[in-house]
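Given the sequences, and given the hints that come with them, work out the whole structure.
There are 2 protein chains.
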Amino acid sequence: MPKIVDHSERKSNIAEATWRVIIHQGIKGATVRNIAAEAGVSLGALRHYFSTHHELLVFAMNLVKERVTARIVDIMQTDLPPREQVASVLLELLPTDDGSMAEMEVWFAFIFHLKSAGEHNDEHHDAIYPLIIQLIDYLDQHELLRQELDKDSEAERLYAVVDGLALHAMLEPERLNSQRMIRVLNVHLDSICSSAQPQ
Amino acid sequence: MPKIVDHSERKSNIAEATWRVIIHQGIKGATVRNIAAEAGVSLGALRHYFSTHHELLVFAMNLVKERVTARIVDIMQTDLPPREQVASVLLELLPTDDGSMAEMEVWFAFIFHLKSAGEHNDEHHDAIYPLIIQLIDYLDQHELLRQELDKDSEAERLYAVVDGLALHAMLEPERLNSQRMIRVLNVHLDSICSSAQPQ
Chain A
25 MPKIVDHSER KSNIAEATWR VIIHQGIKGA TVRNIAAEAG VSLGALRHYF STHHELLVFA
85 MNLVKERVTA RIVDIMQTDL PPREQVASVL LELLPTDDGS MAEMEVWFAF IFHLKSAGEH
145 NDEHHDAIYP LIIQLIDYLD QHELLRQELD KDSEAERLYA VVDGLALHAM LEPERLNSQR
205 MIRVLNVHLD SICSSAQPQ
Chain B
25 MPKIVDHSER KSNIAEATWR VIIHQGIKGA TVRNIAAEAG VSLGALRHYF STHHELLVFA
85 MNLVKERVTA RIVDIMQTDL PPREQVASVL LELLPTDDGS MAEMEVWFAF IFHLKSAGEH
145 NDEHHDAIYP LIIQLIDYLD QHELLRQELD KDSEAERLYA VVDGLALHAM LEPERLNSQR
205 MIRVLNVHLD SICSSAQPQ
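Residue numbers (the working numbering), protein chains in the order written: chain A, 25 to 223; chain B, 25 to 223.
Everything labelled a hint here was simulated from the structure, so no lab data went into it. Incorrect hints may have been included.
Copies of the same chain look alike in the list, so a pair counts if it fits in one copy or across any two.
When the alpha-carbon atoms are kept at most 25 Å apart in a straight line, the in silico DSS-like pairs for lysine-lysine are as follows [unchecked claim]:
hint, residue 1, residue 2
1, K89, K35
2, K52, K175
3, K35, K52
4, K175, K139
5, K89, K139
6, K52, K139
7, K175, K35
Printed below as a string of structure tokens:
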């Protein structure tokens, strides 16, 4: 019988090898040759799955997005109180452990690679902002958002807080560790949530 | 008489050529050869001023920092009310026009280049956070900061808001234009400043 190869799993393995190469050698080191070596596959096999370098990077990037999205969907299906549910979703967007720090590094490396290559990156980046709008709406629907706040400004501000913390945790991890990041996020949530409402 | 060359000006010209190359071709395109061509100097002349590629990039980066710092010092010497002075300083850290957007792109390109090259970048990046701490202290000294706030958390949060806005304005300029960025920054300042105090 022919050997059965799970194509989807093989592609994921190559994507994960791509992440490891980006983390250790930067986006510049993420050549097809280095990725094939890291994944333990031949150049020919790699080209069978991904016909261009760009296609491979986009796949690796989308896998990060899919995994984050899957974790967020799981959280939204729990019975957590709304305020805690929102906090948990936002924590998924922050690099709070080695795994999510690696995802964050791949994400930023990729975003800047596209930016400096002059590629239009809306499809890759814009996924987060609509989610943040939903979270602000969700707090508002549960009467947790302070009534005097402008939802549009608050979505933009929350998005800045989350990505600003993520960026600084990546660049200055000695000061901004996971515990400190979570504390600042909660200070922000407290400041936009009505204290009179049940959490 | 020999031609008098202003070395400092020549170095600044080469640094500005470096910025233009980074903006148009990304950090990858910022080779010594491309920079010399953009600056209109020979490779030999460029090497006379900068013995290594890294030295050139660090100089270009530091020139961004010096110019931003000079603008901030100017603002701190004005007679603006404290709240407006703080807002003006923070605006210098945001890409509100083409010039500051270019500086921001150079800054981020450089930071990520160092990060992916595994270089320790504290000396280049940490300049901003101490400034943010000073601004929070300054608001507090003028009894503008809301008394119930924790200054340490607020410095970290303000830093995240500012860099998060800067990052998003660079990556998603169609949504986050200059006017919107300024509005969100002011929403944030209003939220941490006591409304009972004179501004």
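Problem - Hints the structure fails to honour - result: Of the numbered hints given earlier, those the structure breaks are 2, 4, 7, listed in rising order.
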